[in-house]
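So the protein lines, in turn, are chains A, B and C. Basically this note's numbering = 1-based index in the first sequence + 5. Basically this note's numbering = 1-based index in the second sequence + 5. Basically this note's numbering = 1-based index in the third sequence + 5.
None of these hints come from the bench; they were simulated from the model. Any given hint could turn out to be false.
The list makes no distinction among identical chains, and a pair is therefore deemed to hold if it is satisfied within one copy or across any two copies.
[As the list claims (entries may be wrong)] DSBU-like mimics (lysine-lysine), calculated; alpha carbons at most 35 angstroms apart, straight line: (1) K461 to K222; (2) K460 to K316; (3) K321 to K461; (4) K85 to K461; (5) K461 to K125; (6) K85 to K269; (7) K269 to K460; (8) K269 to K321; (9) K155 to K85; (10) K185 to K155; (11) K461 to K316; (12) K222 to K85; (13) K460 to K321; (14) K204 to K154; (15) K222 to K125; (16) K269 to K461.
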Amino acid sequence: MLATDRFFDPDPAQKAAALELYALVHDLPIVSPHGHVDPSLFSNPERRFDGPVELLIQPDHYVLRMLYSQGIPYEVLLSKEEDPRHIWQLFAQNFYLFRGTPSGVWLTHELEAVFGVTEKLNADSAARIYDQIQAALLTPEYSPRNVFKKLNIEVLATTDSATDPLLQHQAMRASGWDGKIIPTFRPDSVINLAVPGWKENIAALSEVSGIEVSDFKSFVRALEQRRAFFMSLGATASDFGPYQPTTEWLSDQAAEAVFQRALKGQPTEEDTARFLAHMLCEMARMSVEDGMLMQIHPAVYRNYNPDVYTKFGADKGFDIPVATEYTRNLHPLLERFGNHPNFRLLLFTLDESTYARELAPLAGAYPSVKLGPPWWFNDSLNGMRRFFDQVMETAGIYNTAGFNDDTRAFLSIPARHDVWRRASANWLAGMLVRGMIDREEAESMVVDLAVGLAKKAYRL
Amino acid sequence: MLATDRFFDPDPAQKAAALELYALVHDLPIVSPHGHVDPSLFSNPERRFDGPVELLIQPDHYVLRMLYSQGIPYEVLLSKEEDPRHIWQLFAQNFYLFRGTPSGVWLTHELEAVFGVTEKLNADSAARIYDQIQAALLTPEYSPRNVFKKLNIEVLATTDSATDPLLQHQAMRASGWDGKIIPTFRPDSVINLAVPGWKENIAALSEVSGIEVSDFKSFVRALEQRRAFFMSLGATASDFGPYQPTTEWLSDQAAEAVFQRALKGQPTEEDTARFLAHMLCEMARMSVEDGMLMQIHPAVYRNYNPDVYTKFGADKGFDIPVATEYTRNLHPLLERFGNHPNFRLLLFTLDESTYARELAPLAGAYPSVKLGPPWWFNDSLNGMRRFFDQVMETAGIYNTAGFNDDTRAFLSIPARHDVWRRASANWLAGMLVRGMIDREEAESMVVDLAVGLAKKAYRL
Amino acid sequence: MLATDRFFDPDPAQKAAALELYALVHDLPIVSPHGHVDPSLFSNPERRFDGPVELLIQPDHYVLRMLYSQGIPYEVLLSKEEDPRHIWQLFAQNFYLFRGTPSGVWLTHELEAVFGVTEKLNADSAARIYDQIQAALLTPEYSPRNVFKKLNIEVLATTDSATDPLLQHQAMRASGWDGKIIPTFRPDSVINLAVPGWKENIAALSEVSGIEVSDFKSFVRALEQRRAFFMSLGATASDFGPYQPTTEWLSDQAAEAVFQRALKGQPTEEDTARFLAHMLCEMARMSVEDGMLMQIHPAVYRNYNPDVYTKFGADKGFDIPVATEYTRNLHPLLERFGNHPNFRLLLFTLDESTYARELAPLAGAYPSVKLGPPWWFNDSLNGMRRFFDQVMETAGIYNTAGFNDDTRAFLSIPARHDVWRRASANWLAGMLVRGMIDREEAESMVVDLAVGLAKKAYRL
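Using the sequences and the hints given, assemble the complete structure.
In C-alpha cells, the structure reads:
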C-alpha cells in the first residue's frame, strides 16, 4: 500500500507541513502541457488498450533499458511471438532492479491507483497481477477515453511532427468528445538537414501544407502555414531537440544557398549545423509573430547503440546525454528577441551543471525566458530536489514553468505529477520550517507549482 | 518578525546545536574584505542616503533583474522622472517574486534590522513602509557614517580601478574618522586590451602614477607604483575578473610587441587573450614582491544584453556566467609561484562543477591557494550548503577564506553575513550531531568561519 | 570514542533504521577489489611495519598534501634524517586541519580500532600516542599478516604494472599463507607512449613475457601473455588511467606505423593520443576474450607541481582532476563491445557532473557497463551521498559495483569500508522512512552494497 506521507522528509515538523501543503494540490486536475502520448488512443471511442505487456513494458524505454542493462535481451522483451505472460513474468521477477528508481515509484503507483493492485510485484505475484490488469483492460471502464477522465486530466499536449496532418486530433474534435488534447509543433525532421529521409520530409511538408517547397522562402512559408494549422487545433507550443542549442543568423542568401545544397542532397556538416542554428532563430521570429511558446530540449546523443537501433529502432533506452552550453549558444537569438514582449522561450536541460550557472541567471533576467522542469533522467525525487536547490534562489519560482511529464506512458501521468506535487510540497515545507517563507506564501506557491505556472507558461 | 532560529535544519538536536554555535558569532563585528560599496558615502560626514528607491532598488541589480524578468520595464524602474513612490509601490506589489530567494531574505532582514519594519512588504503596506524608511533616512542617526557603526562593521574593503586617485579614501583618512575602509586594487581596465577606452585608461594611468606609460616596462612600473599607493591607504588585496583564468608567460619581447600594437589601437584577439594571461602572471609576481593577496573571479559574460546595456549601462542583471576551468589554465602561474611562501591566491567561481573537481584539490595542496566563499548567484543558503558540501572535505576549512559579501548594497551587508553565519552554524551543527566533529571543534570553527579566516586571508 | 551512531542523519526514525541496517553489515568481511597496498608487506611472514610516521604519514598523500597546504614543508615531513617523533609532533599539532575531512575520519578510526587509542590526537597527546603505536608495532600481533586477519579482509587486490613479474604474489602463494591477495593488471606504462622511460618499459615487457616486442603484433601478444600470467595468480581485473577516456579504432597498418615511430623515439602528440585510444579498444577486445573486468579511471593531471615532483617524486598530493567526457569518448569502444555478453567495463570519475548526465544513463542501459564507487577526492561521506543521489535513480544499485577503497594506506581499509557501509545504511534508511523502499528491500540492498555487488562485478 502506498503510504500517504511517502517521499516527505522524516522530520515531524516538516512532514506535517508537507502533508498540509500537499493536501491543497492532491486533487487538482492534471495539466500536462508536454508529452508523447499517442493521440490515436482517443480518436475512436471504441479503442481499447492492449494487454499489460504491450501497455506497461514494451513502449516504456525507461523499463526496457533497465531490464536490458541486466542482460535480458530485447529479442525476448520485444518479441511479438513470445507469450506476453512469459515477458511479464521476466519483468516481475526482475522488478527488484527498479528499487529506488522513478520507474519503480511510477509503476507501483500505477498498479495501485489505476488497477487497485496492492500486492508487491514479484515472481510469485506476477501471474495474479497480470490477470487482474488484463481483466480490467477488457472492460469499458478502462477505455482510453474513460481512463483519461479517471486520471483527472484537464489538458494533455501531444508532440507531433511538422508534417503530421493531425488526423487523430481532427477526429477527436469531430467526435464531439470533451477531453482536451492538443498538438505541439515539432519540426526537427525538416529543420535538421542530417535527419535520415530529410528530402522525403520536405516532400511531405509540401503536400501537407499545400505550399510547394522549392527554396528557402517557400520552406519558411510552409512552416508558417503548419504553425497556423497546429494552432487551429489548439497548439500553444513548439518544441525543438537540437544536438546543441547553438543559434546564429544567416543572411537570406546564405540560408538559401545551404537549402539548395540540401535539396541536391549535398549539405556539408557545417551547412547542417549552421542551418539548424539559423532555423532556431527563424522559429523564434515566428514565435514572436504567432505567440507560440518555443521549447528547446538539447544535448542528447540519440540512437547511441547502433546494434539496438538497427534491430529494434529508436527510443530503446540508448539516448545518452552530453554536456551542453546555453550562455554563448543562445546569445544570437536572445540578442534579437530576448527583450521582446511577445517572445516566450522555455529551456530544458539534462546537464545539471547549467542549472545554477547559466539557466537560472538567464531566466532570472530575461522576460522571455522560463525554465522547464527537471527533464527525463532528472524527472525523479532527487532530480526535483536538485532543481529546486540550484534553480529557485536565482530564478525564483515565477520564472519556471511548473511540471511536464514528457511521457509516452499514458498511465504513468498521475504518478509523475504526484511525485512533483509531493516534491514541491516537501521543498516548500522545508523552507517554511526554516523560516524562509511563511505559510500563506507556501500555500500559494504549492498551487502555482502544481498547475498555475504550467498554465501560464503554455497559455492553457 | 524574523525567527531567531531561521535557516536552521528542523531536527531538534541539530537546531539546538546550531543555535548555540550561532550565539557565539551573532555579535561579532563584520569583516568585509571584498565589496563594491561607494566610498564617497563616507568621505563627507554630512552625506545622507537618498530615498528608499534610490537606496534599495535602483542600485541593486539582483532586485532590478528579477522585476525586469517579470516584464517590469527598466524605463520605469530606472526613471529619474518617475515618482519614486510609484516605483516603490510596483516593487512592493511584486515582492512576492523574491520568495525563497536571497534578495528576499536580505531585504526582509534589512527592513527589520536597520529600519525596524516588521510588517510584510506588499501592495497594502508599501506606502507606510516607504514613509517609515524615508523618515529615518532624514535623521542624522541614519547618516552613512552612523549606519556604518550601527551595522557593526570592523573593516570594509571597496573595489577601485587601478587609475582611481582614491580621493574619497584620502578624504576619509584626512577627516580623522575612525571607520576602517580600505581600497582594493583592480586593474582590469588597463590589463584587458579589449576594454572600451583602453587607451584613455592608459593615459589616466600615466597621469595618476606620474609615470609616462610608453612601453611595456613603463606600464609595469606604473602598475607597481599604483599598488604601492593603494597599500599606503590600507589595501591588502588585488582583484581580477578575466573572462577565463588563463595564464601564460610571454617573453619580454612578445609582451612589448603586443603592448605596442595595443598602443597603436591594433591588438589582435590573440594579443588580447595572451596579454591578459601574461598580466595575471605578472601581477602574481608583483604579489610575491609586495605581499598583496591576488583574487581571481572569472567566467562571466558581461553586458550580455546589448539593448539593456546601451540604454541603461552596466550592472543591470545581464552578466551571465559561463563554464570555466582552473587546472590547466592556472598551471603556468602556479608552476612559477604556487610554492612561494609570499604568494597568496584566492579563487572564486560561478561554475560549481569546479568546486570538488579542481578548486578544492588545488587549495588542499598548494600553500598559496585559498578559496573564496560562494560568489554572487551562489551567495545564498543553498549555495553555501553546496560549497560546504563540495569543498570542505578535500580542502578543509583552513584553506578557505571565510565570507565576502561582495556587495554594492551597503545596507545588505549584515544580512548577508548573517546568512553565512547561520549557514556555517547549521553546517557545523550537522557535523556535530553526526559525530564528525566534537563541540570544542565546532565552537572554534564557527568563529573562524565568521571572522578569523577572512582576517587571515586578507591580513586584516 | 567513536560514537556507534556516527555519520547517520539525526532524525530519530531514520537513525534507528540506519542503525538496524548497519548492524547487518558491520561484521561482514571486507572485499577490497581495487587498491594500492604494497604486496611485499605480506610475502615474508617475518615482515614488520615501520614506525607510526613511516606507516601513517609519509606514504599517505592525503595527509601530506593537507600539511603542505598549510606551509609545512616536505623537506621536513619526508626527511629521512628528521627525528620521526618531531614529524609526529608536527602532525599532531596540526591534526585540527583534518576536521570534517575523510582523512580525519579514517585516522581517528584507525587509531581507535587498530591501536586502541581513544585520546584525541593533538600536541599534548602526541608523544603518548606515538609510544602506544610504536609499542604495538613491535609485537608479532601487529605483523602485516596478522593485521590482515585482524582487519577481517576476505580478499585484497593490489595494482601492478604490466611488466611486474609479481614475485611478491608468487612468494605469498609459495609460502602457503591463506590470506587472499590478488594482482590487478595495469598496463599504463606500456600503452601510453608519453610515459618517461617507455622504451625501457617495452624492453622489460619483452623480458618478463618472453616475447620479443619488435612490432605492434608482438606487443599485443606480449600483453596477452601478461594478462594470462596475472590471471594465473588470481587477477580478475585490468585497470587504466588515461588522461581522457578517448577511444578509437586504428587500422592494423596505422597502429603499426605509430608503434614503429614510438620505437624510434619519435611519436607525435597525435600518435600518443590515438595509440592510447586504440589500445583501450584493444584491451576491451582482450577482456571480451579472457573475461577480465576492464576499469577506467580517467582525467587527472598527474604530477602537476613540477618542483614537488622533481624533489619528492610522484603521489605527493599534486594530482589535480580535470573535466572529462564519456558519452562521445567511449562510443567507438561501446559500439563494438557494449552489447557483448563477455564484456564488462567499470567506469570511475572525479568529474561529478558526469554522474547523472553520462555515467548513470550508460550504466542503466548497457549490460557491459557498471559504475565504480565515488573515487579518491569523493571517497567521503558527502561524496557518497552525492553518488547515491545522482547515480542510483537512473542506474539502479544493481548497475554499480559496491565499494573500492583504492588505498595505499593499508590500515585505513576498514575505516574506509566502514564509512561506505554507514553511508549506505543511512541512504537506504532515508529511502525507507520516505516510503521509497520497504524494510525487506533495504535489508537486501545494504548487504549487496557492502559486499555482494563488488564480488559480482569483480567475480570474486
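| request: Mind listing which of the numbered hints don't hold for this structure, in increasing order? | output: 6, 7, 12, 14, 15, 16
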